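Protein sequence lines correspond, in order, to chains R and D. Convert by adding 566 to the 1-based position in the first sequence; the result is the number in our numbering. Convert by adding 566 to the 1-based position in the second sequence; the result is the number in our numbering.
Simulated from the structure, these hints should not be mistaken for lab results. Keep in mind that a hint or two might mislead.
[Unchecked claim] Under 7 Å between C-beta atoms, here's a sample of chain R residues computed to sit facing chain D:
#	residue
1	Arg-595
2	Asn-642
3	Leu-645
4	Met-651
5	Thr-681
6	Cys-688
7	Gln-689
8	Leu-701
9	Gln-714
10	Leu-715
[What the hints assert, rightly or not] Here are the computed lysine to aspartate or glutamate pairs in the EDC-like style, where the Cα-Cα straight-line distance is at most 20 Å:
#	chain 1	residue 1	chain 2	residue 2
11	D	Lys-609	D	Asp-778
12	R	Lys-666	D	Asp-718
13	D	Lys-803	D	Glu-813
14	D	Lys-660	D	Glu-598
15	D	Lys-666	R	Glu-813
16	R	Lys-802	R	Asp-718
Nothing here was measured: the structure is a model prediction, and the numbers come from that model. Glycine residues also receive a C-beta, built at the ideal position from the N, C-alpha and C atoms.
2 protein chains.
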Amino acid sequence: MDINAVYNDYLTRFNTYLGTIEYPAQPARLYEPIAYTMSLGGKRLRPVLTLMIADMLGAGGAEVLPVALGVEMFHNFTLLHDDVMDRADVRRGKPTVHCKWNDNVAILSGDAMLTMASQFICQAPSRCLSAAMDLFNRTAIEIYEGQQLDMDFETRNDVTVDEYLHMIRLKTSVLIGAACRLGALVSGACDADLDALYDMGLNLGLAFQLKDDLLDVWGDPDKFGKQIGGDIMCDKKTYLLITAMNEAQGVDRDTLNRYIGMAEATVSRGEKVSAVTGVYDHLNLRERTLAAINRHSERAVEALRQSTLSAAHVATLTALIQMLINREN
Amino acid sequence: MDINAVYNDYLTRFNTYLGTIEYPAQPARLYEPIAYTMSLGGKRLRPVLTLMIADMLGAGGAEVLPVALGVEMFHNFTLLHDDVMDRADVRRGKPTVHCKWNDNVAILSGDAMLTMASQFICQAPSRCLSAAMDLFNRTAIEIYEGQQLDMDFETRNDVTVDEYLHMIRLKTSVLIGAACRLGALVSGACDADLDALYDMGLNLGLAFQLKDDLLDVWGDPDKFGKQIGGDIMCDKKTYLLITAMNEAQGVDRDTLNRYIGMAEATVSRGEKVSAVTGVYDHLNLRERTLAAINRHSERAVEALRQSTLSAAHVATLTALIQMLINREN
Numbered sequence: 567m568d569i570n571a572v573y574n575d576y577l578t579r580f581n582t583y584l585g586t587i588e589y590p591a592q593p594a595r596l597y598e599p600i601a602y603t604m605s606l607g608g609k610r611l612r613p614v615l616t617l618m619i620a621d622m623l624g625a626g627g628a629e630v631l632p633v634a635l636g637v638e639m640f641h642n643f644t645l646l647h648d649d650v651m652d653r654a655d656v657r658r659g660k661p662t663v664h665c666k667w668n669d670n671v672a673i674l675s676g677d678a679m680l681t682m683a684s685q686f687i688c689q690a691p692s693r694c695l696s697a698a699m700d701l702f703n704r705t706a707i708e709i710y711e712g713q714q715l716d717m718d719f720e721t722r723n724d725v726t727v728d729e730y731l732h733m734i735r736l737k738t739s740v741l742i743g744a745a746c747r748l749g750a751l752v753s754g755a756c757d758a759d760l761d762a763l764y765d766m767g768l769n770l771g772l773a774f775q776l777k778d779d780l781l782d783v784w785g786d787p788d789k790f791g792k793q794i795g796g797d798i799m800c801d802k803k804t805y806l807l808i809t810a811m812n813e814a815q816g817v818d819r820d821t822l823n824r825y826i827g828m829a830e831a832t833v834s835r836g837e838k839v840s841a842v843t844g845v846y847d848h849l850n851l852r853e854r855t856l857a858a859i860n861r862h863s864e865r866a867v868e869a870l871r872q873s874t875l876s877a878a879h880v881a882t883l884t885a886l887i888q889m890l891i892n893r894e895n
Numbered sequence: 567m568d569i570n571a572v573y574n575d576y577l578t579r580f581n582t583y584l585g586t587i588e589y590p591a592q593p594a595r596l597y598e599p600i601a602y603t604m605s606l607g608g609k610r611l612r613p614v615l616t617l618m619i620a621d622m623l624g625a626g627g628a629e630v631l632p633v634a635l636g637v638e639m640f641h642n643f644t645l646l647h648d649d650v651m652d653r654a655d656v657r658r659g660k661p662t663v664h665c666k667w668n669d670n671v672a673i674l675s676g677d678a679m680l681t682m683a684s685q686f687i688c689q690a691p692s693r694c695l696s697a698a699m700d701l702f703n704r705t706a707i708e709i710y711e712g713q714q715l716d717m718d719f720e721t722r723n724d725v726t727v728d729e730y731l732h733m734i735r736l737k738t739s740v741l742i743g744a745a746c747r748l749g750a751l752v753s754g755a756c757d758a759d760l761d762a763l764y765d766m767g768l769n770l771g772l773a774f775q776l777k778d779d780l781l782d783v784w785g786d787p788d789k790f791g792k793q794i795g796g797d798i799m800c801d802k803k804t805y806l807l808i809t810a811m812n813e814a815q816g817v818d819r820d821t822l823n824r825y826i827g828m829a830e831a832t833v834s835r836g837e838k839v840s841a842v843t844g845v846y847d848h849l850n851l852r853e854r855t856l857a858a859i860n861r862h863s864e865r866a867v868e869a870l871r872q873s874t875l876s877a878a879h880v881a882t883l884t885a886l887i888q889m890l891i892n893r894e895n
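Only chain R is shown next, with the shape it has when bound in the complex (with noise of 0.2 Å):
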């Protein structure tokens, strides 16, 4: 099995079903926006997940494609509005919402992505719709406590690593979680499978946001498509920064104490970024980060193992787990 090739079809699958979707032509500046935001691309993890469980749960037609669409529909909502938050001007590689139009723009189309998120779900067979629309919601709500969570974090030097395993928990982990289970639900899945496959995502998302913050420092250059050391110049609170401003002692604290919130104008970029990468390899933070991806990415393929899918199913899924984790950019 090729996990490469698996993952292509169900990516070209929920690409091609969103190609479909009409947005009204006016007001303009409501719904070009929205169609802007949905074209940028990324990895679609979140439905090509909805899919593949569905499909293997017997729940392979038409019915699904609708749900997948919601769960992406409400993630690029979250980015549109984080984006708006964060006063980023850059989202795969083009410009935000509110950066090509204005604030407003990106608030207004940033609810109209949510609600429609919501049209889709609601799309859901009859069966399962109240099921799919709470387990909607309730993800939803987490995910602005973990959005609010990271952005009081910003503020505070004693966030633990716990409090940030828990925030990116709310944050990133409950979605992917969702998305399994949103797909099991759609098949009419039995209870312990609904909460295997939620399971499942959890721990996936945890590996995953790890990942996301080890390729920051570690990734290679020349695969990651962004410049290494983002999250470091503007001093994110990564499990790295956090686990380093916990532990460092003496030199390494120094560095810390001198470098972060550093404003980016008063320092070059190689210079942060090689100090703050120094103290981490001094408290060997990527070897402790993979170990941490891997114990997350073994929970997860464990949760898997409680289902009842088959075992064709399981090597599937694992294989996409350790695709993920290994992924370059």
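Since the structure of chain R is already known, use the hints to place chain D on it.
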């Protein structure tokens, strides 16, 4: 029948239920703005309509309360995000969320209110869940379209009266229509009643907004609760201003050209409000607006008569419509 007493009974019932809602304590900057917004009061027109109509059609029990709250929470979400977009400092006599906290808090807690509104609507009886969510989501989309049109109008000087009426139908009326229709839906009303009550709400909403426009200029300062002329001072494109911009000639045209767009700091409130009100008076706009309000309230009553409601209930709702269009604030 004392319609004020009837209204206050439903208002008390709604506010009592609202008082039982507990918000999570953390993250405080996500939930405190929501509790703050929901505590600011207001007429609670939409949930009162939902409760009253459900009661009349036989769903007087507890099942309608979450749906009424969903409508009110959605309405408050739109006000919260609109205030960010319009840079409004005050709402119901208190600082707006983005002033009391900041823009990011307002964006994110607004997002959470939209999802919470959906959670309350999802508590509708399962037999009407799908119809309730479809109506709720479709209405939300129409309201975003209305808000975008309203923002588009700010930079245009050629808005027609028909375009304005189309905009307020979307921005204001459809939610009042939906509040009525949801009350009927929860009661298991027939399609004819659903349509008649929606139509009543739509026309009531138009009359309500036109009355809003009128009160800003000719309200009784002792009863209005806000300073007279707020819309005039910020060149808000109301029914009055749009009609005047389409019709004013000669000296009146010169007056509009002189004062509209004039920065607030460069003209006294008394001078600008008096000059623009003079143009409105020359065009007989007070009487013409009152006539438009009456036209829409009559259509609302006609719609009501198409329903299967008893004569007593039609009389109560007719009295409510009269009360709302005769209001002084």
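Right, here's what the structure says about each hint:
1. A cut of 7 Å between beta carbons decides the hint on Arg-595(R): the least distance to chain D is about 6 Å, and the hint holds.
2. This hint is violated: Asn-642(R) has a C-beta 14 Å from the nearest C-beta of chain D, more than the 7 Å allowed.
3. A least Cβ separation of about 13 Å between Leu-645(R) and chain D goes past the 7 Å threshold, and the interface hint is therefore violated.
4. For Met-651(R), the suggested interface contact is upheld, since its CB lies about 4 Å from the closest CB of chain D, less than 7 Å.
5. With a cut of 7 Å, the hint placing Thr-681(R) at the interface with chain D holds, because the nearest CB-to-CB distance is about 4 Å.
6. Because the beta carbon of Cys-688(R) sits about 5 Å from the nearest beta carbon in chain D, less than 7 Å, this interface hint is met.
7. Hint status for Gln-689(R): violated, given a least beta-carbon distance of 10 Å to chain D, over 7 Å.
8. Evaluation of the Leu-701(R) hint against chain D yields a violated restraint, the C-beta minimum of about 11 Å exceeding 7 Å.
9. Taken as an interface hint, Gln-714(R) checks out: its beta carbon lies about 4 Å from the nearest beta carbon of chain D, inside 7 Å.
10. Residue-level restraint check for Leu-715(R) holds (minimum Cβ-Cβ distance to chain D is 6 Å; threshold 7 Å).
11. At most 20 Å may separate the alpha-carbon atoms for a hinted pair to count; Lys-609(D) and Asp-778(D) meet this at roughly 13 Å.
12. With a C-alpha separation of about 17 Å, the suggested pair Lys-666(R) and Asp-718(D) falls inside the 20 Å cut-off, and the hint holds.
13. About 14 Å separates the Cα atoms of Lys-803(D) and Glu-813(D), which keeps this hinted pair within 20 Å; it holds.
14. Simply put, Lys-660(D) and Glu-598(D) have alpha-carbon atoms about 15 Å apart, close enough for the 20 Å limit, and the pair holds.
15. Restraint check for Lys-666(D) and Glu-813(R): not satisfied, since their Cα atoms lie roughly 37 Å apart, outside the 20 Å limit.
16. The straight-line distance between the Cα atoms of Lys-802(R) and Asp-718(R) is roughly 12 Å, inside the 20 Å bound, and the hint therefore holds.
The structure fails to meet hints 2, 3, 7, 8, 15 from the earlier list, while all remaining hints are met.
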